[in-house]
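Asker: Please put together the full structure from these sequences, using the hints given.
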Amino acid sequence: MTGFLQNTFNGLVSGAFYALLALGLAVIFGMLRVVNFAHGAFYMLGAFGAYVLLTEAGVPFWAALVIMPLGLGLLGMALERAIIHRLTRLDPLYNFLLTFGLTLILQDLVKSRYGVQSSPYATPSALSGSVDFGLFDFPTYRVFILGFTVLLCVAVWWVLSRTRIGMVVRAATERPELTPAFGIDVGRWVTPVFGFGIGLAGLAGVLAAPMRAVNPLMGADLIIVVFAVVVIGGLGSIFGSVAAGFGIGLVQAWGEAYLSDFPIVSQTIVFIVMAVVLLWRPAGLFGREEAPA
Amino acid sequence: MAAASAAVVLVAGCGGGGPQSGGDQKLTGDKIVLGVLNDQSGAYSELSGKNSVKAVELAIADFKAKYGDKAITKNITVETADHQNKPDVANAKAAEMYDRKGVDIILDVPTSSAALKVADVAKEKKKLYFNIGAATTDLTGKSCNKYTFHYAYDTYMLANGTGKTTTEQVGKNWYILYPNYAFGQDMEKSFSAAIAQAGGKVVGKDGAPFPNTTGDYSSFLLKASTLNPKPQVLGTMQAGAELVNVVKQYNEFKLREKGIGLAVGLMFITDIHSLTPAALAGTTYTDAWYWNFDQQNREFADRFQKETGTRPSFAHAANYSAAMQYLEAVQAAGTDDADTVVKGLEGKEVNDVFLRNGKIRAEDHRVIHDAYLAQVKPQAEVTEPWDYVKVLKTIPAAEAFRAPSADCKM
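Chains as they are written, first to last, in the working numbering: chain A, 1 to 293; chain B, 1 to 410.
Check each hint, because a few of them may be wrong.
Straight line, CA to CA, 35 Å or less: simulated DSBU-like cross-link-like pairs of lysine-lysine [unchecked claim]:
(1) B:K377 with A:K111
(2) B:K390 with A:K111
(3) A:K111 with B:K54
(4) A:K111 with B:K254
(5) A:K111 with B:K50
(6) B:K126 with B:K70
(7) B:K101 with A:K111
(8) B:K127 with B:K66
(9) B:K74 with B:K390
(10) A:K111 with B:K86
(11) B:K205 with B:K254
(12) B:K306 with A:K111
Calculated from the model, a selection of chain B residues having no Cβ within reach of chain A, i.e. all distances over 10 Å [said to hold, decoys possible]:
(13) G29
(14) K86
(15) N91
(16) K189
(17) K230
(18) A241
(19) T335
(20) G347
(21) D407
If the Cβ cut is set under 10 Å, some of the chain B residues that face chain A in the computed set are [what the hints assert, rightly or not]:
(22) Y44
(23) E46
(24) G49
(25) D206
(26) P209
(27) N212
(28) T214
(29) F220
(30) Q249
(31) T270
(32) D352
(33) R356
Read the hints as simulated data drawn from the structure, not as lab findings.
Remember, predicted model here, so these are calculated numbers, not experimental data.
Note that the Cβ used here is the ideal one computed from N, Cα and C, for glycine as well.
Answerer: See the structure below:
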């Protein structure tokens, strides 16, 4: 029982990262119809930025947790204005290729400056202990990640469901062809939403720095799973991406713990789940079937 | 007629130009070309990569300085290529080096699967190959051949040193975590054998996904702490960035405080640098060479740092040594003919900056030499950058490596 609870907890922590990344991808896809392949690269930049801030300027983890998402969000907005929006009218494949190219450039820039070896980043001292839950104890840092992410998701949900901006984003996501007909200027929200999505990726990166290897390829490895999460949740579905993020984290943790005698299954379980979901609901768990054009 | 006589003059001209004019050309193309084939952009590019090329260039400079005008040739060049850790790329690049770039010997080649491919190419082309960067014992086992030498280390050496000593000194019960592919499986087998031989027991083992895209090992680490009987040692066979993930999470879950020590299968100085010595303090592992072991190593490390800005990994030192020993062998043989050079190398005893009490075994072409049991220092004892370990014990060459395998048929 204790083992099960521990694995469940762990699954939720992994899921928190998937949820943050998938949420960003979902809002970006919803507003811009862009599959942002560079999302993993921004996650990597978040972690690397935290490392550089700490070693070059002595900026602690807590400050990096604010600076990096804001900075990367602004960078994202600049990129959206400068290049991405020029391609949104064309086939989505163009932006897919553009963001893929962007990923390679960002990775290689970091690689040429810092090399491929992982950079050290310590857990902030206030969070380095462990919390006793009676049945088991758990690293404080992981408890923090879970609590922080859940709070953040609730905040995003509140913004989306209770504010005017949220209403526009939801409308544009769910009925992209109909929203402008009501006289809503979707265009002015596109850039901030893109920046917000990128900011979330950067935030996930900062959170990952103390517990994951910080190197130029860390995002490239993770993003494939995150794409699977988004597809399972339903492309463009905001609630679906968060739910699928935590869900996949759980499935993976349980798979590794209880199917370790069948490594082939436990290693591919995310993609098995994806295949089953797509066969059963082609639009994903929470996705809306595309109406025929 | 005119063309024929011109050709005669040309041939005579070439022969006369060399130091020993004679009928046969002693060097193909009148030069020696060393090929460095390794990972120049991926996971292993720090521990080998471009700095291996620098190490080989240092060896060439030292060789020229040593022999001066008596050197067999002053025309020694380096060819280099990136195999991206992919066996098929390694295969194509190796063939290109031997056939089109006039390479006499290929050096380095990390990543076991790529290393084995290059051994096949060397055999087919009848050209020399000193493997430095890869760990698989198959290079001197079922894939051994006349032209392939395994120079620096292998999975047996790592398991024998770390597995045996940790079982004797830290604890008998092990949990082994390995990346589930050729290298990891080979490491798990070698370690299990070494642990059993030292009277220990593997109470649990798991193959983690490779590559591990999630970067998460917590379910394995949690399992280790709940096993019955409880393991006293966590043996991780992960390498590079994956090792960094395992150790970060090992510390996060405070397994050391729960009485589970850490043993690392394969670690390079660059990994300790990434994790900081504090994260690894007290961890023992087997090292093929350490830059601050003695004065001779340190002098080499200082020169290397001047060239590259960083301290050498054991792979860098081994590349230097391998290039040097090859050039010495060509000098002694008076030719770069592969069969003649191999004959000169087999059974040769060598001492240099990398090889201590070294011997190039004729039976399987394993290069044996002293290995070192090393321990990561606590942060407080680190007095200068990159000086992260102390050598606990020298493992004599004869004990460090396995006896020639029956699988090897030259």
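Asker: For each hint, tell me whether it holds in the structure or not.
Answerer: Taking the hints in turn, this is what the structure says about them:
no.: 1; hint: B:K377 with A:K111; in the structure: 29 Å, holds
no.: 2; hint: B:K390 with A:K111; in the structure: 30 Å, holds
no.: 3; hint: A:K111 with B:K54; in the structure: 19 Å, holds
no.: 4; hint: A:K111 with B:K254; in the structure: 31 Å, holds
no.: 5; hint: A:K111 with B:K50; in the structure: 14 Å, holds
no.: 6; hint: B:K126 with B:K70; in the structure: 28 Å, holds
no.: 7; hint: B:K101 with A:K111; in the structure: 29 Å, holds
no.: 8; hint: B:K127 with B:K66; in the structure: 26 Å, holds
no.: 9; hint: B:K74 with B:K390; in the structure: 40 Å, violated
no.: 10; hint: A:K111 with B:K86; in the structure: 20 Å, holds
no.: 11; hint: B:K205 with B:K254; in the structure: 20 Å, holds
no.: 12; hint: B:K306 with A:K111; in the structure: 22 Å, holds
no.: 13; hint: G29; in the structure: 35 Å, holds
no.: 14; hint: K86; in the structure: 15 Å, holds
no.: 15; hint: N91; in the structure: 23 Å, holds
no.: 16; hint: K189; in the structure: 16 Å, holds
no.: 17; hint: K230; in the structure: 14 Å, holds
no.: 18; hint: A241; in the structure: 4 Å, violated
no.: 19; hint: T335; in the structure: 40 Å, holds
no.: 20; hint: G347; in the structure: 38 Å, holds
no.: 21; hint: D407; in the structure: 27 Å, holds
no.: 22; hint: Y44; in the structure: 8 Å, holds
no.: 23; hint: E46; in the structure: 4 Å, holds
no.: 24; hint: G49; in the structure: 8 Å, holds
no.: 25; hint: D206; in the structure: 5 Å, holds
no.: 26; hint: P209; in the structure: 4 Å, holds
no.: 27; hint: N212; in the structure: 8 Å, holds
no.: 28; hint: T214; in the structure: 6 Å, holds
no.: 29; hint: F220; in the structure: 7 Å, holds
no.: 30; hint: Q249; in the structure: 7 Å, holds
no.: 31; hint: T270; in the structure: 5 Å, holds
no.: 32; hint: D352; in the structure: 27 Å, violated
no.: 33; hint: R356; in the structure: 27 Å, violated
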